[in-house]
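*Asks:* Protein sequence lines, in the order shown, are assigned to chains A and B. Heads up: the first sequence at position 117 corresponds to 117 in the numbering used here, and the numbers run straight through without jumps. Heads up: the second sequence at position 172 corresponds to 172 in the numbering used here, and the numbers run straight through without jumps.
Everything labelled a hint here was simulated from the structure, so no lab data went into it. It cannot be assumed that every hint is accurate.
[Stated by the list, open to error] To list a few chain B residues with every Cβ distance to chain A over 12 Å, as calculated: (1) S45; (2) Q48; (3) G97; (4) Q98; (5) D105; (6) G114; (7) E131; (8) R197; (9) G218; (10) R219; (11) T273; (12) E277; (13) L357.
[To be verified] Cut-off 30 Å, straight-line C-alpha distance, at most; resulting in silico cross-link-like pairs (DSSO-like, lysine-lysine): (14) K31/A x K261/B; (15) K397/B x K66/A; (16) K157/A x K167/B; (17) K261/B x K157/A; (18) K66/A x K108/B.
A virtual CB, placed ideally from N, CA and C, is assigned to each residue, including glycine.
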Amino acid sequence: MAISTSIWIWISALLTLAIYSFLYKDNPFYKFAEYLLVGISIGYGISVYWHNTIITKVYNPLVHDKDFLVIIPLLLGLLMFSRFFKNYSHLSRIPIAFIVGAGTGLSIPSSFEFLFKQVQGTMPTAFTIGNLIIIIGVITTLIYFFFSMEHKGFIGKVSRVGITFIMIAFGAAFGYTIMARISLFIGRIQFLLSDWLGIIK
Amino acid sequence: MKKNLVLLLLSLTLLFSFSFAQEQASGGTDLNPNAISSETERLGSMLQLSDIPNDGGGGIEINWTLNDSLSNYFITIIRREGNIKKIVASDLLASSGQVRDVNSDENKSNVKDGTEYFYTAVLSEYAVSQEILDYLVCDSLDMEAMTIADANQVYLISDESGPVKSKASWFNLERLTVLISAIIITFLFLLYLQLARKGKELYIRKISGLDAVEEAVGRSTEMGKPIMYILGIGYVTDIPTIAGLTILGRVSKKVAEYETKILVPSYDPVVMTTAQEVVKEAFTEAGRPDLYNKNDIMYITQDQFGYAAGVDGMMLREKPGAVFLQGLFFAESLILAETGHSIGAIQIAGTTETAQLPFFVAACDYTLIGEEMMAASVYLQKDPLMLSSIAAEDVMKVIIIIILLIGLILGILGPGMHIEFFDKLFNLLIEIL
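With the rest of the complex left out, here is chain A (with noise of 0.2 Å):
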């Protein structure tokens, strides 16, 4: 294999080592890379909440399909553009607080239902030494999660249980996460040495 003469190859082959350059210490590389990602990616955010949200969720429900309910989340998406205004940028705390008000009471609902279905999921369906150490891992670990209980005595020895159950949970996950990062690094690394430069099949 030759080295690769497609200018998007050559384009994304530089950008990724000057990314990588960051590994070394800040640098005008880093920071060209840097400033044309974010750049980049605001202009696509742009375009991406023009279409889905500006044409699809207003435009069209407005005009083709005559849904004047859309004007109220409309009037509230626009009283954030009081901000710019000084004596009337409180009127954007309305739409914060419509928005915020919403999404908590939405959560709370589906809060309890992800809680059930944990609960369910560490409910023992036969006795095996692995589930005992669920249940006791579930139970240790609610305990270190008392707040209004002073860790001392039976309490502090059961929710030292539970941060260690959660210290092995950590430690899973962080060499499992690990392991994915660095296929990803290995993606990139092949890219290179494959894709650029063609010293690898």
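We have chain A already, so just place chain B on it with the hints.
*Replies:* Just chain B now, with coordinates in the frame of chain A:
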């Protein structure tokens, strides 16, 4: 033209034997029309139709049961509303036993509440061709027909089932447990609130990460460096982001008291606006509104790694003395925490994302694990009324532990030791949850 061709083939199929049809299908296929014809009498009205319970309307559930000989067949469902026919689903595995005809974002009036619908099933050994699908919804299709055929195979048609109407439910009974839990926790919260009002002292245990907030802000001030507060890549509707914003308020107050600078690079424009309001209010509360600069709370980008690259660059250039990572984080967590560590900043992290917590534990000085982050605002303020919510949550945890222990005992005696009574109780408990 195509419809005529299909009708012609249908006639041919009825005239000639099914074995001839097998030859027609040839091309190496194992079509066995005799097997199909033997099932013809049995299909009948095979679809059971019902309104989807506990929904907001606009949904019909279609169930069917078939004998084993037809389990490898494909099933296509046709809906009739007056004279209008529509394919609801095609080429489903007959063994799936169920499909739902529902409204979607693309078609919000697919199923209209109160309208009578009729459904018919078409069974085939192989995938249905587009010509047949078109034929199935054409006006000339005789819904009384039991079979049709094309060059490849014979299609078996069920009797039409229906009518069925969809309707919206007032209550989602599947969420009854959620309602009961919400009532219990509200009651507990109000009880502890009342106790706090009457002067009962409520305790909150030490959370090391939060004790270090003052130390981190103080250290940055002494070094003459700013503080960086990263809210992650969540939206303002995400609970960890809301918790992060609450902690931001407390940290900002300390920042204003110490007369230092806080930088908040944001991922989402609404989060940025909310953060600006939170910091502004905190500075005003601390009596230093003059120190507030809205440009210190800036938008970076809504691209995950673009955000990580931008924040990393900012960290290296601004060299903050303390970095707070409080909110919703995903794959960028280690990139941010490692950069913060490399510039020697004191780092206090917190998230509910269990996959990212190990990275924070490894790379940060203090980490708020899951609910510790939610308790942070109460801990930093130590308002007796807010402490009541923590006490109520703890009681809820005790209830969960009791349910788990009951489940453990029932699990051992029921599914474990096969005692029927406990087995029933165990299944009941699982159903309630």
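*Asks:* Indicate, hint by hint, whether the structure satisfies it.
*Replies:* Hints, verified against the model:
1. S45: Nearest chain A Cβ is 36 Å from S45/B, so the label holds.
2. Q48: holds (28 Å)
3. G97: Since the minimum Cβ distance to chain A is about 24 Å, G97/B lies beyond 12 Å and the statement holds.
4. Q98: holds (22 Å)
5. D105: Per Cβ check, D105/B is inside 12 Å of chain A; nearest 10 Å; violated.
6. G114: Holds, because the least Cβ-Cβ distance between G114/B and chain A comes to about 21 Å, which exceeds 12 Å.
7. E131: At roughly 33 Å from the nearest Cβ of chain A, E131/B sits farther out than 12 Å, so the non-interface label holds.
8. R197: Fine: 17 Å to the nearest Cβ keeps R197/B off the interface.
9. G218: holds (25 Å)
10. R219: Holds: least Cβ distance 23 Å, greater than 12 Å.
11. T273: Answer for T273/B: violated, closest chain A Cβ roughly 6 Å.
12. E277: Nearest chain A Cβ is 7 Å from E277/B, so the label is violated.
13. L357: L357/B not clear of chain A: closest Cβ-Cβ about 6 Å, inside 12 Å.
14. K31/A x K261/B: Holds, at roughly 24 Å.
15. K397/B x K66/A: violated (49 Å)
16. K157/A x K167/B: violated (55 Å)
17. K261/B x K157/A: violated (41 Å)
18. K66/A x K108/B: The given pair, whose Cα atoms are some 14 Å apart, holds under the 30 Å limit.
In this structure, the hints that do not hold are numbers 5, 11, 12, 13, 15, 16 and 17, in rising order.
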